[in-house]
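**Student:** Take a look at the letters that make up each chain.
Number of protein chains: 2
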Amino acid sequence: MKGTKERIIEATAGLLMRQGLAGTGLKQISSQSGAALGSLYHFFPGGKDDLAADALRVAGRSYLHLIDDYFTGRTDLVEATEGFFEGAAAVLEATDYADACPIATVALEVASTNDMLRQVTADVFAEWIDVGAQRFAEMGVSPDVARELVTVTIAALEGGFLLCRAAKSTDAMRVIGRNMAALVAHRLGR
Amino acid sequence: MKGTKERIIEATAGLLMRQGLAGTGLKQISSQSGAALGSLYHFFPGGKDDLAADALRVAGRSYLHLIDDYFTGRTDLVEATEGFFEGAAAVLEATDYADACPIATVALEVASTNDMLRQVTADVFAEWIDVGAQRFAEMGVSPDVARELVTVTIAALEGGFLLCRAAKSTDAMRVIGRNMAALVAHRLGR
DNA sequence: GTCTATAAACCGATAGAC
DNA sequence: GTCTATCGGTTTATAGAC
Numbered sequence: 001m002k003g004t005k006e007r008i009i010e011a012t013a014g015l016l017m018r019q020g021l022a023g024t025g026l027k028q029i030s031s032q033s034g035a036a037l038g039s040l041y042h043f044f045p046g047g048k049d050d051l052a053a054d055a056l057r058v059a060g061r062s063y064l065h066l067i068d069d070y071f072t073g074r075t076d077l078v079e080a081t082e083g084f085f086e087g088a089a090a091v092l093e094a095t096d097y098a099d100a101c102p103i104a105t106v107a108l109e110v111a112s113t114n115d116m117l118r119q120v121t122a123d124v125f126a127e128w129i130d131v132g133a134q135r136f137a138e139m140g141v142s143p144d145v146a147r148e149l150v151t152v153t154i155a156a157l158e159g160g161f162l163l164c165r166a167a168k169s170t171d172a173m174r175v176i177g178r179n180m181a182a183l184v185a186h187r188l189g190r
Numbered sequence: 001m002k003g004t005k006e007r008i009i010e011a012t013a014g015l016l017m018r019q020g021l022a023g024t025g026l027k028q029i030s031s032q033s034g035a036a037l038g039s040l041y042h043f044f045p046g047g048k049d050d051l052a053a054d055a056l057r058v059a060g061r062s063y064l065h066l067i068d069d070y071f072t073g074r075t076d077l078v079e080a081t082e083g084f085f086e087g088a089a090a091v092l093e094a095t096d097y098a099d100a101c102p103i104a105t106v107a108l109e110v111a112s113t114n115d116m117l118r119q120v121t122a123d124v125f126a127e128w129i130d131v132g133a134q135r136f137a138e139m140g141v142s143p144d145v146a147r148e149l150v151t152v153t154i155a156a157l158e159g160g161f162l163l164c165r166a167a168k169s170t171d172a173m174r175v176i177g178r179n180m181a182a183l184v185a186h187r188l189g190r
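So the protein sequences, as listed, match chains E and Z.
Residue 1 is where the first sequence starts when you use my numbering, and the numbers rise one by one after that.
Residue 1 is where the second sequence starts when you use my numbering, and the numbers rise one by one after that.
Hints are computed from structural coordinates only; laboratory data are not their basis.
Any given hint could turn out to be false.
Okay, derived cross-link-like pairs now, BS3-like style, lysine-lysine, Cα gap no bigger than 25 Å in a straight line [claimed, not checked]:
(1) 5/Z x 27/Z
(2) 27/E x 168/Z
(3) 48/Z x 168/E
(4) 48/E x 168/Z
(5) 48/E x 27/E
(6) 2/E x 48/E
(7) 48/E x 27/Z
(8) 27/E x 27/Z
If you want the footprint, here are the derived chain E segments under chain Z, 3+ residues with CB under 8 Å [said to hold, decoys possible]:
(9) 16 to 24
(10) 176 to 189
None of the values given here were measured: they were computed from a predicted structure.
Just so it is clear, CB atoms sit at the ideal spot from N, CA and C, and this is done for glycine as well.
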């Protein structure tokens with residue numbers, strides 16, 4: 001049996017991904033999670049910001065494991081890179097362009113308006129890059145190059161999510177995937 | 001003397017870029033532009049969505065000219081690409097990470113919630129890619145490769161804005177710029 | 001821990017004087 | 001075209017019964 005707090009966090013993470021922070025009301029989180037409004041404040045005394053911070057951290061950690069699992073145990077980094085973007089395109093199509101990055105929308109909203117939440121989004125991105133660079137390095141890529149390639153890959157993925165959600169088409173993501181794979185191959189000396 | 005309608009659009013575009021759509025109130029647009037609330041509805045009878053659509057189109061066109069002017073008359077595309085990202089990094093630093101993409105925040109907010117505004121953001125991105133590809137093609141790049149490179153460049157730029165605004169650092173943008181320049185060089189056979 | 005009622009402020013939108 | 005007053009609804013947040 002899933003606890004009330006977990007259901008609140010899960011519902012919040014989904015709504016933040018699809019509608020952003022300002023576009024998501026606590027009433028909506030309450031009804032979607034099946035938890036009373038009072039329960040939200042019971043588990044998150046700091047109110048909306050407190051809840052959003054937790055939801056972003058949990059969603060960021062989930063997405064990290066998704067990335068991590070995908071690249072773990074790979075032998076061909078070039079092939080893995082192209083497949084990674086193909087997977088992102090497939091998820092976009094399967095969810096009618098709703099499920100993309102769980103952090104990006106809120107990150108852009110709060111970057112200039114809420115320093116506490118901005119720091120949370122920065123921490124999530126930093127952890128993604130750290131762990132991704134670690135995986136690349138384990139596969140024989142020099143630490144510096146690994147970190148650069150992961151940074152560019154994540155940036156391109158985020159830009160791809162943006163272009164594809166706006167256009168309701170995955171064409172851009174596939175183009176981006178092929179070119180990022182080419183970049184990885186080039187920088188690995190192939 | 002600048003007209004009221006122009007001041008409203010300008011104020012709206014700036015607020016949408018920094019705070020997003022749901023985070024920006026009409027009252028705030030009214031006070032920031034110096035126009036009465038009634039004037040907003042006089043010029044934009046369709047209300048907030050009507051005004052937002054116009055502000056996005058105008059801001060998108062301005063940014064298009066910025067990109068267009070930067071790449072026009074260039075001889076070295078590789079050098080231009082790296083300089084383009086350096087310029088983006090400089091603007092972020094000069095504005096304390098407030099001025100980045102005028103479309104991205106709203107695009108992510110409305111992608112799953114407001115189809116009319118989603119289409120506006122899609123049109124802006126499409127025009128950026130069309131014009132950028134045209135410029136690249138004029139410099140001797142084959143139309144297909146030109147379109148691919150511009151798509152990846154814009155995606156990487158958007159991802160760079162996201163990572164840099166969250167981290168309040170331009171490190172990622174410079175890494176991305178160097179690697180995108182390397183990709184352009186590689187795909188141009190250099 | 002869960003729930004409802006409600007406060008206080010704010011939202012988008014409208015009416016109507018000037 | 002400009003401005004103010006205001007409507008109806010929603011927001012975040014709190015109080016307090018159970």
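**Student:** Confirm or reject each hint.
**Tutor:** Hints, one by one, checked against the model:
1. 5/Z x 27/Z: 15 Å, holds
2. 27/E x 168/Z: Not OK: residue 27/E and residue 168/Z at ~32 Å, beyond 25 Å, violated.
3. 48/Z x 168/E: Distance ~23 Å between residue 48/Z and residue 168/E Cα, so the pair holds.
4. 48/E x 168/Z: Cα-Cα ~23 Å, so holds.
5. 48/E x 27/E: Holds, at about 11 Å.
6. 2/E x 48/E: 22 Å, holds
7. 48/E x 27/Z: The hint holds at about 23 Å.
8. 27/E x 27/Z: Answer holds: residue 27/E to residue 27/Z is near 24 Å, not above 25 Å.
9. 16 to 24: Contact hint for the region 16 to 24 of chain E vs chain Z: holds, 6 residues under 8 Å.
10. 176 to 189: holds (count 8)
This entry does not satisfy hint 2, going by the numbered hints stated previously; all others are met.
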